[in-house]
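Enquirer: Using the sequences plus the hints, can you model the full thing?
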Amino acid sequence: MKTKWETVIGLEVHAELSTATKIFCACVTRFGAPPNTQSCPVCSGMPGTLPVFNRVVAEYAMKLGLALKCNIADRCKFDRKNYTYPDLPKSYQVSQLYAPICTHGSLEVDAPGGTKSIGIHQIHMEEDAGKLIHDGGHTFMDFNRCGVPLLEIVSKPDMRSADEAVAYLEKLRETLLYLEICDCKMQEGSLRADVNLSIRPVGGPLGIRTETKNLNSFKAIARAIQFETARQIEILEAGGVVTQETRRWDDDQGESYSMRTKEDAQDYRYFPEPDLLPIHIDTAWLARIRETLPEMAHKKRARYIRDLTLSPADAAVLTGHIKISFFFETLAKKSGHPKEAANLIIGEITRLMNKTGILPENLDIDTDKLTTLITLVLGNKINRNAYKDATEAVFLHDADPETYIRERGLLMVSDNAAIEAAVDAVLATNPDAVASYRAGKEKIIGFLIGQVMKKFSGAGSPDLIKELLIQRINETQFIQHENGNG
Amino acid sequence: MGALELSAQIQAGKIGAVETVAKYIRIAKNSRLNTFLAIPEERVLARAKEVQDKIDAGITLSPLAGVPVAVKDNISTEGTETTCASRMLEGYVPVFNATVIDKLEQAGMVVIGKVNMDEFAMGGSSETGYFGAVRNPWDATRVAGGSSGGSAAAVAAMEAPMALGSDTGGSIRQPCAFCGVTGIKPTYGSVSRYGLIAYASSMDQIGVIGTDINDCAALLEIISGPDTRDSTCVTDAPFAFGKENAAKIKIGLPRNYFNDSIDPEIIRAIFMAVKVFEDAGAVVEEFQMPLVDYIVPAYYALSSAEASSNLARFDGLKYGHRATEAKSLSDVYTLSRSQGFGMEVKRRIILGSFVLSSGYYDAYYRKALEIRGMIKEAYNQLFARYDVILAPVAPTTAYKLGENITDPMKMYMADVYTASVNLAGLPAVALPCGFDAQGLPIGMQLIGDAFSEPLLVAAARKYQACTDYHTRKPGVPNL
Amino acid sequence: MQIDNDLVTYLETLSNLTFTGEEREIVKGDLGNILNAMTHMGQIETQRVQELSHPVGHVNVFREDEPGLPFDRERILQNAPRRNSEMFIAPGTVGS
Numbered sequence: 004m005k006t007k008w009e010t011v012i013g014l015e016v017h018a019e020l021s022t023a024t025k026i027f028c029a030c031v032t033r034f035g036a037p038p039n040t041q042s043c044p045v046c047s048g049m050p051g052t053l054p055v056f057n058r059v060v061a062e063y064a065m066k067l068g069l070a071l072k073c074n075i076a077d078r079c080k081f082d083r084k085n086y087t088y089p090d091l092p093k094s095y096q097v098s099q100l101y102a103p104i105c106t107h108g109s110l111e112v113d114a115p116g117g118t119k120s121i122g123i124h125q126i127h128m129e130e131d132a133g134k135l136i137h138d139g140g141h142t143f144m145d146f147n148r149c150g151v152p153l154l155e156i157v158s159k160p161d162m163r164s165a166d167e168a169v170a171y172l173e174k175l176r177e178t179l180l181y182l183e184i185c186d187c188k189m190q191e192g193s194l195r196a197d198v199n200l201s202i203r204p205v206g207g208p209l210g211i212r213t214e215t216k217n218l219n220s221f222k223a224i225a226r227a228i229q230f231e232t233a234r235q236i237e238i239l240e241a242g243g244v245v246t247q248e249t250r251r252w253d254d255d256q257g258e259s260y261s262m263r264t265k266e267d268a269q270d271y272r273y274f275p276e277p278d279l280l281p282i283h284i285d286t287a288w289l290a291r292i293r294e295t296l297p298e299m300a301h302k303k304r305a306r307y308i309r310d311l312t313l314s315p316a317d318a319a320v321l322t323g324h325i326k327i328s329f330f331f332e333t334l335a336k337k338s339g340h341p342k343e344a345a346n347l348i349i350g351e352i353t354r355l356m357n358k359t360g361i362l363p364e365n366l367d368i369d370t371d372k373l374t375t376l377i378t379l380v381l382g383n384k385i386n387r388n389a390y391k392d393a394t395e396a397v398f399l400h401d402a403d404p405e406t407y408i409r410e411r412g413l414l415m416v417s418d419n420a421a422i423e424a425a426v427d428a429v430l431a432t433n434p435d436a437v438a439s440y441r442a443g444k445e446k447i448i449g450f451l452i453g454q455v456m457k458k459f460s461g462a463g464s465p466d467l468i469k470e471l472l473i474q475r476i477n478e479t480q481f482i483q484h485e486n487g488n489g
Numbered sequence: 186m187g188a189l190e191l192s193a194q195i196q197a198g199k200i201g202a203v204e205t206v207a208k209y210i211r212i213a214k215n216s217r218l219n220t221f222l223a224i225p226e227e228r229v230l231a232r233a234k235e236v237q238d239k240i241d242a243g244i245t246l247s248p249l250a251g252v253p254v255a256v257k258d259n260i261s262t263e264g265t266e267t268t269c270a271s272r273m274l275e276g277y278v279p280v281f282n283a284t285v286i287d288k289l290e291q292a293g294m295v296v297i298g299k300v301n302m303d304e305f306a307m308g309g310s311s312e313t314g315y316f317g318a319v320r321n322p323w324d325a326t327r328v329a330g331g332s333s334g335g336s337a338a339a340v341a342a343m344e345a346p347m348a349l350g351s352d353t354g355g356s357i358r359q360p361c362a363f364c365g366v367t368g369i370k371p372t373y374g375s376v377s378r379y380g381l382i383a384y385a386s387s388m389d390q391i392g393v394i395g396t397d398i399n400d401c402a403a404l405l406e407i408i409s410g411p412d413t414r415d416s417t418c419v420t421d422a423p424f425a426f427g428k429e430n431a432a433k434i435k436i437g438l439p440r441n442y443f444n445d446s447i448d449p450e451i452i453r454a455i456f457m458a459v460k461v462f463e464d465a466g467a468v469v470e471e472f473q474m475p476l477v478d479y480i481v482p483a484y485y486a487l488s489s490a491e492a493s494s495n496l497a498r499f500d501g502l503k504y505g506h507r508a509t510e511a512k513s514l515s516d517v518y519t520l521s522r523s524q525g526f527g528m529e530v531k532r533r534i535i536l537g538s539f540v541l542s543s544g545y546y547d548a549y550y551r552k553a554l555e556i557r558g559m560i561k562e563a564y565n566q567l568f569a570r571y572d573v574i575l576a577p578v579a580p581t582t583a584y585k586l587g588e589n590i591t592d593p594m595k596m597y598m599a600d601v602y603t604a605s606v607n608l609a610g611l612p613a614v615a616l617p618c619g620f621d622a623q624g625l626p627i628g629m630q631l632i633g634d635a636f637s638e639p640l641l642v643a644a645a646r647k648y649q650a651c652t653d654y655h656t657r658k659p660g661v662p663n664l
Numbered sequence: 123m124q125i126d127n128d129l130v131t132y133l134e135t136l137s138n139l140t141f142t143g144e145e146r147e148i149v150k151g152d153l154g155n156i157l158n159a160m161t162h163m164g165q166i167e168t169q170r171v172q173e174l175s176h177p178v179g180h181v182n183v184f185r186e187d188e189p190g191l192p193f194d195r196e197r198i199l200q201n202a203p204r205r206n207s208e209m210f211i212a213p214g215t216v217g218s
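Chains as they are written, first to last, in my numbering: chain Y, 4 to 489; chain W, 186 to 664; chain A, 123 to 218.
Careful: at least some of the hints might be erroneous.
To be clear about the criterion: a stretch of chain Y counts as covered by chain A if any three or more of its residues have a C-beta under 8 Å from a C-beta of chain A, and this derived list gives those stretches [as the list claims (entries may be wrong)]:
1. 102–112
2. 117–128
3. 281–289
4. 372–378
5. 438–450
Pair ranges (Cβ atoms, derived) [claimed, not checked]:
6. T264/Y - G317/W: 44 to 52 Å
7. I136/Y - V181/A: 38 to 46 Å
8. K239/W - S207/A: 49 to 57 Å
9. S207/A - A233/Y: 58 to 66 Å
10. E145/A - I136/Y: 53 to 61 Å
11. D310/Y - V181/A: 57 to 65 Å
Hint data in this document are derived by calculation from the structure and do not stem from the laboratory.
Just so we're clear, the structure is a prediction, and the values are computed from it rather than from any experiment.
For each residue, glycine too, the CB sits at the ideal point set by N, CA and C.
Expert: As C-alpha cells, then:
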C-alpha cells in the first residue's frame with residue numbers, strides 16, 4: 004500500500020519594527036535613503052563603539068507577545084551570534100538565544116478546514132543586517148539597514164499545508180498591522196519568512212527538515228512549500244534520505260537550490276552580549292503595555308456584525324486594515340449612521356483609494372466633512388450624485404462640502420410648486436415619451452426625470468421628481484378618460 | 186613636580202601651557218623607550234594654546250587644566266591615528282572621540298600623544314605590539330609591563346605627567362608595578378568605555394596612571410561618571426574624593442598569595458607595607474584567598490571568548506589592514522587578518538573561538554562563568570569582613586625583554602593576582618612599595634569593594650604620606 | 123587535551139585566520155597547554171552556582187526612541203580600504 008505523507012511546516016518570520024530609530028543607536032530607519040546616509044559609528048561597527056538599547060523595541064515585542072498569548076519573560080537578555088559576512092559590520096549579530104523576551108504563544112488562524120491554533124515557539128529581538136548590492140564582480144555595502152530592529156517570530160511546526168502557512172502569515176500580518184509595530188511591506192523586506200519543512204508518514208515521527216530562504220511574497224512561500232513537499236516526497240518514495248540543509252528559493256525558476264548542508268552549517272558561538280545589561284519586565288510595565296493594545300481584528304469583526312448589523316463581508320473589508328477600521332469607527336460615531344458610513348468607505352472611498360494609489364496607512368481624510376455629507380444625503384438635501392461628487396472633492400482636495408454644494412447649486416430644490424411646474428412643462432414638451440410610458444415602456448421615466456433635473460442643474464431630488472411625474476401622468480390619463488366618457 | 190602642582194603653576198600664570206606641552210613633546214620625541222606611537226605636534230600645541238587662552242580669560246577648567254596627558258593607543262582620538270599597536274589598525278584615524286577624551290578636553294587637559302601597548306591590550310609586557318616593545322625606564326633591557334606599558338613607562342620616565350591606560354586583567358596595575366608609578370583600575374561601570382577599542386568588554390576598564398595617588402584621584406574625578414553612550418557605565422555621578430586619610434581601616438592579606446611562586450623580595454616589600462599600615466592605625470588580618478587556581482583559567486576562557494568576537498569586525502573591508510593580494514572575499518578576510526594580527530592576538534582569537542564553539546561551550550565558557558560567579562561571591566564575603574585587600578600585583582619585578590614572550594602559559598599565570606579583580610568588576614589601586622636588589626620597582630595593590638574608590642584613595646594617600654617610593658625616579662634627565 | 127590538525131583547521135575557519143606551518147605547530151602546542159590548564163576548571167563543583175556573565179548588576183538601561191543628528195557619510199567611509207563615494211566595496215560574494 005502506498006504511504007500517505009504529511010507535510011510538517013514551521014515558519015520563522017522576521018518583522019522590521021516601525022520605530023523611529025534603530026535598536027542600538029539614534030539613526031533613523033526610513034526605507035530607501037541614499038546608501039550609508041542613515042548609519043553612524045555604532046551601527047557601522049566602528050571599533051570602540053557600544054550599543055544602547057531602544058526601550059520601544061522591548062515594548063513592541065511585549066505587545067506582540069501579548070497579542071500572541073505568549074509568556075512574557077520577566078527577565079531577558081541579549082546574546083551575540085557570531086558570523087562574518089559583509090552585511091554584518093561587527094561580524095556578530097546582537098540577538099537573543101538563551102533568554103528571549105517571549106515564549107510559548109499561539110495564534111488562531113482561519114485555515115481552509117476551519118479555525119486552527121498555531122503554536123508560537125518564541126519571539127526574540129535582534130538587529131537587522133545591511134544591504135549588499137552585487138555588480139560587476141564587486142559587492143557594495145550599504146549599512147543603512149544595519150541595526151533596524153527586528154522581531155523574529157518562530158512558530159512551532161504546526162502547519163500541514165501551504166494554505167495553512169499562508170493563513171498563518173496573513174493572520175500574523177494582520178496582527179502586526181493592528182499593533183502598528185511593523186508596516187509589513189514584503190517588497191521592502193520589512194516582513195520576511197523562512198520555511199522549515201519536513202515530510203513524515205501520517206502520524207509518524209518527524210522527518211529531516213530543510214530550511215528555505217529568500218521568500219519575498221506569500222505566493223512565493225506557497226509555491227516554495229509545494230515545491231519542497233514534492234521534492235522531499237520524491238526522495239522518500241525513491242527510498243532516499245532528505246539532507247538537512249538550507250535552500251534558497253528562486254522565484255523566477257520556481258525552484259529552490261541548496262545553499263549549505265548541515266556538515267558546513269555555521270557554528271555561531273552564541274554567548275551573552277557583554278555590552279548590554281539584562282532587561283527586567285515587571286508587572287507594572289507589562290500592564291502599561293497591555294493597556295495600549297488595540298481591539299484586534301477578529302473582535303472588531305464580531306462586534307461590527309453583532310452591534311452594527313453589518314454583513315460579514317462588509318465587516319471583513321472594514322477590518323482589513325486597522326487604519327480603515329479606525330476611520331470607519333470615527334465616521335460611524337460622528338455621523339450616527341454606521342451603515343451609511345460603511346457603504347461610503349466600502350464604495351466611494353475604496354474606489355478613490357484604488358484610483359489614487361493611497362494606502363490605508365496614508366489615508367488622511369476629514370471625517371467631519373464626510374459626516375456633513377452623510378447628514379445631507381440622508382436628509383434628502385443632496386442627491387446621491389452630488390454626494391458622490393462632493394465626497395471625491397473632499398477626498399482629493401479637502402474641499403469644504405457646504406461651499407462645494409452651494410457653489411455648484413447641488414442643494415436639492417425642495418419647492419414643490421417649482422418642481423410641479425417643471426414636471427408639467429417637461430410632460431407638455433415630450434408627448435411621445437409620455438405615450439411610450441403609458442404604452443408600458445416604464446423605463447422611459449428615467450429620461451423624463453433627467454429632463455426635469457436639467458432644469459434644476461441636477462439639484463432636484465430624483466425620487467421626488469419621479470413621484471410627481473408618475474402622479475401627473477396618471478392624473479392626465481384620468482382627465483382624458485373623463486373627457487372620453489363625456 | 187606632580188600634575189596637580191604643574192596645573193596650579195600654569196593656572197597661576199607661572200608657567201605657560203604651551204611651553205609645558207612643548208617641553209614634554211621634546212622629551213617624548215627623544216624617548217629611548219619606544220613609548221609614543223603618535224605625537225600630533227601641531228594639533229597638540231594648538232590645543233595647548235586654546236587652554237592657555239581660556240586660563241587667561243579666567244575660565245575655571247579643572248585642577249588639572251593645562252596638564253599634558255599620554256593616552257593608550259586603544260582609546261579613540263578623533264583625527265589622531267589609533268592603532269592598538271597593531272598592523273591591523275595602522276593608519277586608522279577615528280572619526281569620533283572616546284568619551285574620556287572629551288572629558289579630558291573639557292577639563293582643559295592636553296592629550297600630547299598616543300602611547301604604545303601590547304597589541305589590542307593582549308599581553309603583560311608591552312612586547313606584543315606591531316611597533317616594537319616598550320622598554321622599562323629603570324632598565325632599558327627590561328620590559329615595562331603591560332598591556333599599558335607605554336602609559337606607565339611614559340609617566341615613570343617623565344615623558345608625560347599623567348597617562349590613561351586600560352585594565353582588563355591587570356593591564357594598568359602590572360606596568361605600574363614594573364615602572365614604579367601609581368595607577369587606579371576603577372570599578373567596572375564607573376568610567377565610560379565608549380571609544381575604548383574592546384578586548385574583553387565585560388572586564389575592560391579605562392583607568393589612570395600618575396606619579397602619586399593625588400594626581401591619579403584628580404584625573405579619575407575628571408574621566409569618571411555616567412555616559413549615555415555606554416549602557417554598562419552605571420555610575421550615577423563622577424567621583425569626588427575628599428581629603429581625608431583612612432587610618433583605622435581593616436585590611437585583609439591573602440596569606441596563600443605568598444608562596445614559592447612569588448619573588449621573596451616582593452613578599453618582603455609587601456610585609457613592610459603591612460607594617461606601614463599597622464603603624465598608621467590599620468588592622469591587618471590574614472585570610473585564605475579561595476579559588477586561586479581557577480582565576481587564570483576562568484579569566485582566559487572569558488576574555489579570549491569576548492576577544493574572538495570583538496576582533497571579528499576587523500575584516501579588511503571597513504577600516505584597517507586589507508591584504509592587497511587578496512582577490513576573493515574569503516582571501517580578504519583570512520589574509521588581512523592573518524597579516525594584520527600578531528601571534529598573541531591570534532592565539533587568543535583561536536582560544537576564544539574554541540571555548541565558544543559547539544561542543545565545548547559548556548565545559549569551558551559556561552564553566553568559567555560559574556567560576557566567575559563564585560569569585561564574585563567570595564569577594565562579597567571578603568568585603569563583609571575587610572575594607573581593603575592588600576595584595577601583590579605580579580609574582581616578579583620587570584623581567585628581561587624577550588624572556589617570557591615565547592612561553593604564553595608563564596605569561597598568563599603571572600596574572601593570578603590581578604585578574605580576579607576584573608572578573609568581579611572591582612576597583613584596585615597599584616602603588617610602588619619598594620625596590621628589589623637590582624633597583625627595580627616593586628608594586629602592591631589595594632583592592633576594594635565596588636565603588637569604594639574614595640576609601641582606596643584615602644588608604645593609598647595614607648600610605649604615600651608615610652613612604653617615599655613613589656617619589657623616586659629612574660635615572661633619566663629631570664625636568 | 124590533544125590538539126589535532128582538524129581542530130586547528132576548524133578554529134582557523136571560525137576565526138578567519140590561516141596559519142603557516144610553523145605558526146600552526148606553535149598554536150597547537152600553546153593551545154594544548156592552555157586547555158590543559160583550563161580543563162582543571164572541571165574539577166570544581168558548580169552545580170548550584172549562578173553564572174556571572176557581567177560584573178554589573180544593573181538592569182534596564184535604555185535610550186528613548188528619539189532620532190539623533192545624522193552622521194556625515196564621508197566620515198563613515200573615511201577609513202575604508204576600498205570604497206566609492208557612497209559605499210564600501212568588497213570582492214563579489216555572488217557566484218564565489
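Enquirer: So, for every hint listed, does it hold in this structure?
Expert: These are the hints, each one checked on the structure:
no., hint, verdict
1, 102–112, "violated (count 0)"
2, 117–128, "violated (count 0)"
3, 281–289, "holds (count 3)"
4, 372–378, "violated (count 0)"
5, 438–450, "violated (count 0)"
6, T264/Y - G317/W: 44 to 52 Å, "holds, 47 Å"
7, I136/Y - V181/A: 38 to 46 Å, "holds, 40 Å"
8, K239/W - S207/A: 49 to 57 Å, "violated, 39 Å"
9, S207/A - A233/Y: 58 to 66 Å, "violated, 48 Å"
10, E145/A - I136/Y: 53 to 61 Å, "violated, 36 Å"
11, D310/Y - V181/A: 57 to 65 Å, "violated, 44 Å"
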